[in-house]
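From first to last, the protein sequence lines stand for chains A and B.
Using the working numbering, the letters of the first sequence map in sequence onto residues 1 to 262.
Using the working numbering, the letters of the second sequence map in sequence onto residues 1001 to 1293.
These aren't lab readings, by the way, just hints derived from the structure by calculation.
Every residue gets a Cβ at the ideal spot worked out from N, C-alpha and C, and that includes glycine.
Don't take every hint at face value.
Said to hold, decoys possible - Taking CB as the label site, the calculated pair distances span:
#1 GLY54(A) - PHE1105(B): 31 to 37 Å
#2 ARG84(A) - VAL1108(B): 19 to 25 Å
#3 ASP137(A) - ILE1034(B): 34 to 40 Å
#4 ILE1265(B) - SER147(A): 45 to 51 Å
#5 LEU1135(B) - VAL31(A): 54 to 60 Å
#6 ALA144(A) - ARG1233(B): 51 to 57 Å
#7 GLU100(A) - SER1210(B): 28 to 34 Å
#8 ARG1280(B) - ARG84(A): 35 to 41 Å
#9 ARG1264(B) - ASP137(A): 24 to 30 Å
Next come the chains, spelled out residue by residue.
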Amino acid sequence: MTNAVASDLVESAEQVVAAQGVAKSFSGGSVIALQDANFTVKQGSFVSLVGPSGCGKSTLLRLIAGLIEPTQGHIEVHQTQVKRARQDVAMMFQRATLLEWRTAIENVLLPTEIRRTPSSEDKNRAMELLNLVGLGDFAFSFPAQLSGGMQQRVALARLLQTGADILLLDEPFGALDEFTREKLNLELLRIVSEVKATTIFVTHNISEAIFLADEVYVMTPRPGQIAKIVPVNLQRPRELSVQTSAEFNELVAQVRETLGAL
Amino acid sequence: MSNTIDIDKNSTAIKSRGSALNINRVLKHATIFIVLVLAWEIGSRIGWLDPLFFPKPTDILASIFRIYVTQGNVWFHLYASLGLVFAGFIAGSVLGVVLGSLVGFSAVIRRFIKPYVIVLEATPRIAVAPLLIALLGFGAASKIAIIMLVCFFAPFINTLSGVINVNEEKLELFESLGASKFQIFTKLVLPDAIPVIMAGERLALTAALSGVLVAEFIQRDQGIGSLILTYTRNLNMASAFACIFTLTLIGFLIFRGMEWLDNRIAFWNHDDGMTRVGSRSKQRWLKQHGEPQ
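Next up, chain B with everything else stripped away, as it sits in the complex (with noise of 0.2 Å):
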């Protein structure tokens, strides 16, 4: 995925230099892309790949214009399976940021919790899907509880090692200007943790794509999982990949969103983040002060 990203700002600085190379770049991109699909579909129209498992580019083009337009039924799915994914993420990252925080502040009760972080880490979270079922019944409740489940823990573990690790001067700093614990934490330990907890709610997120999809595999009701399920199922193998091809589309844009959001909100780790904040707080100033002298 970052590799992806990484080609992308590339072509964007080119782009700046000079539009022609930029072309060159997207026709040389178009034609592997193109030859690549081409050898599939004609790999399955001659039988060098099974089309049962590989249905042929052009049925899984037919399949995705049925799925969104004439048949329509994957909307639906979708807005299920989504609603799932974000209540499901905010519940599990705003817990694990608020766990994670309280962990931190207190040296006490992290000694105590530390085994039990230590355990439940190394456990794989899936395997208690079945369990959160059994006790929370078939329904939403259960899904929301296994991607809170995989939900949980990396914005647990980031938000205590960003609160456990402050700079130890700036500390001192803080100290020796007199502030009280309370500042201390909300004015350096926390936003200081930012960006370290940001990257885990980056990890969350992705998690809560692959929850949803555990959550519907195991209780086959709605949600594009439960699709995915049908159509293979049906050995409708092209449907399959629509739906397939559905989910690479919204993880791509989950990552784009997060990046997005990783930029508005640890602004500082971004050149265009500071100059676009630092020159809002100088508008702001200016109205309040005027000129500076």
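Chain A extracted, bound-state conformation (with noise of 0.2 Å):
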């Protein structure tokens, strides 16, 4: 674990999110959701958070995010402290919560409308997205016209018109089903890769993680707490075969271990 006081100066221009000694408790201290969380990620990287439920992964997520503030501890992104939630941070849900009165492109243009009024290159940027997620001609389809997988891909442009460097994924493809969830993380592989985006992406299922990261955090609940974090070096750009490669089997190895351990 890269202590964020300990490293030297050029290791932490390229940290993005750093948390020192981060804790959540809920309900005036009586459920503690997250204790101690302390990591740093660097920039470009993707970062899986994998546990069980109740382990604290969407709390720690919400936090990064700025929508909850840590009890203890602090956050840091691009150097400084997280209060609210930001420009350069944005979030993907488990369900892609698009609006059901707006065609796909005008989801995608919310961000931006959020913040002003969309120009026109906003709207040729909320095009070139849709295509980028293989939408391209869904763009004046309304949500109730497609199905999970595109809704969910729908969601992935929108998240991208942020144009945020962070992008928090909470269990984004958790209710699509096996196929169409494969498909999309070797998508959302491809396009982090393009935008050049630093990802944390929660997900309870163990080669996902391993699968999509940089490295796994494995979290361990009662109390939620971050018990190991795990380098994966397998190469790039990775097909789904690596999955049945013995060094793959060795890391998921290495998760069950930590997460069997409790």
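Assemble the dimeric complex from its two separately framed chains, guided by the hints.
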């Protein structure tokens, strides 16, 4: 685990998210959702948070997003403390949470609309992003006319439309079937490397966590904490077949061991 | 009412597949209808049905012709009643939606207003009608007030519940995007509540039609309600039936009109609505930005 204080200057320049002694409790301290989280995320890296329900994964994500405040410690994004929702951080949820009364492209434009009146460039950018997620032909369809997988693609385009360089994904494809999820995971890897974003991805699927990530934060419940950080040095770009390699299985075993120890 | 609509939808679906089946269906319906009317006519003529209370269908038809054409007196009353219905409906339901939004927007107001809402909801609104007449006197004002009263609650309650029950995830999305309270209200809460509000409006308009009748039964000066009352008091049941069938037709048209409106306003709940709005929005885009790559 890299400590923010001990790290040298060169390294801290490329650290985009840093947490020190972060803890979060609810109901006046009686429920500890997360305790003593310390980590730094390097620019452009992909971090997976994996663990069972109640391990504080989503809490950690919401803390980084500035949706909730830590009870102890502090979180920095781009060397400034997170106090509220910010423009360089954007979040995607398990459900697409699209607005049913807006077409796909109008949904993608929502983040822009909240900041300003969308310009012609903003609209062209939204169309480009829809093409990037493979939905160019469905720009003027409404969410109810799209499948679950397509809805998540729109949500992904909306996430990118924010222009944020730190993307927080809370089990984004968890509600989809296995095949759609694998396909979208591959596309996600292609897209985040294309836009050079730093990604923090929450999942409870161990293989998925390893397949996507440069680093897997293994989290354990009661109280929620980061039990271990497992570096993943598999080659990129990755194919689905990497999941059958010995190296991959070794990593799975390592994660399982940490989770099973409790 | 909803049954009629379903049957109708089926029949249009069948029509697109083959008109032979449709004609068959129409024939069956027509046969049943004619048999029923004939039974009524014969029953009334030979004295199985009391002709005083169940006038012959031919007499009703003659009355319809008289009140609409030869005497033509129904138009004046119809005009008076419908004017009141729309005035009262618009005033009452707009008030309901506005107050519902306000109450829904503020948790503090909601907490204080809730017990009164429960008490008022439990009270039959019509019971207050005589008091409103005492307060506002005879005339259009008290009639509109009665209609407003019966029109207010459904839109109010529906708007309130629509505004309160916002999807938590969507709310979180807006917060993560740094949206202001006002933006959350106009871009999320209100549009999200529109289908529920429309359902309230539909109930309100139906209530308005009953409301105007009650108002006109109480103060019998003009309007279709007064006309029915006058005719029944004069034992002119055929003409009373003619008026009632007029109301049936109006009720049906109102129902259809609200359906049409719902399709326009809450278009995302209708397949054809989405297709229509989607293609229009595509046309607009093409005009402004050209062909998307």
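Hint check:
1. GLY54(A) - PHE1105(B): 31 to 37 Å: 34 Å, holds
2. ARG84(A) - VAL1108(B): 19 to 25 Å: 23 Å, holds
3. ASP137(A) - ILE1034(B): 34 to 40 Å: 53 Å, violated
4. ILE1265(B) - SER147(A): 45 to 51 Å: Check failed, 26 Å falls outside 45 to 51 Å.
5. LEU1135(B) - VAL31(A): 54 to 60 Å: Taking Cβ atoms as reference, LEU1135(B) and VAL31(A) lie about 55 Å apart, which means the hint holds.
6. ALA144(A) - ARG1233(B): 51 to 57 Å: 54 Å, holds
7. GLU100(A) - SER1210(B): 28 to 34 Å: Holds: the Cβ-Cβ distance is about 33 Å, inside 28 to 34 Å.
8. ARG1280(B) - ARG84(A): 35 to 41 Å: Holds - the Cβ-Cβ distance for ARG1280(B) and ARG84(A), about 38 Å, lies within 35 to 41 Å.
9. ARG1264(B) - ASP137(A): 24 to 30 Å: 26 Å, holds
Checked against the numbered hints above, the structure breaks hints 3 and 4 and satisfies the rest.
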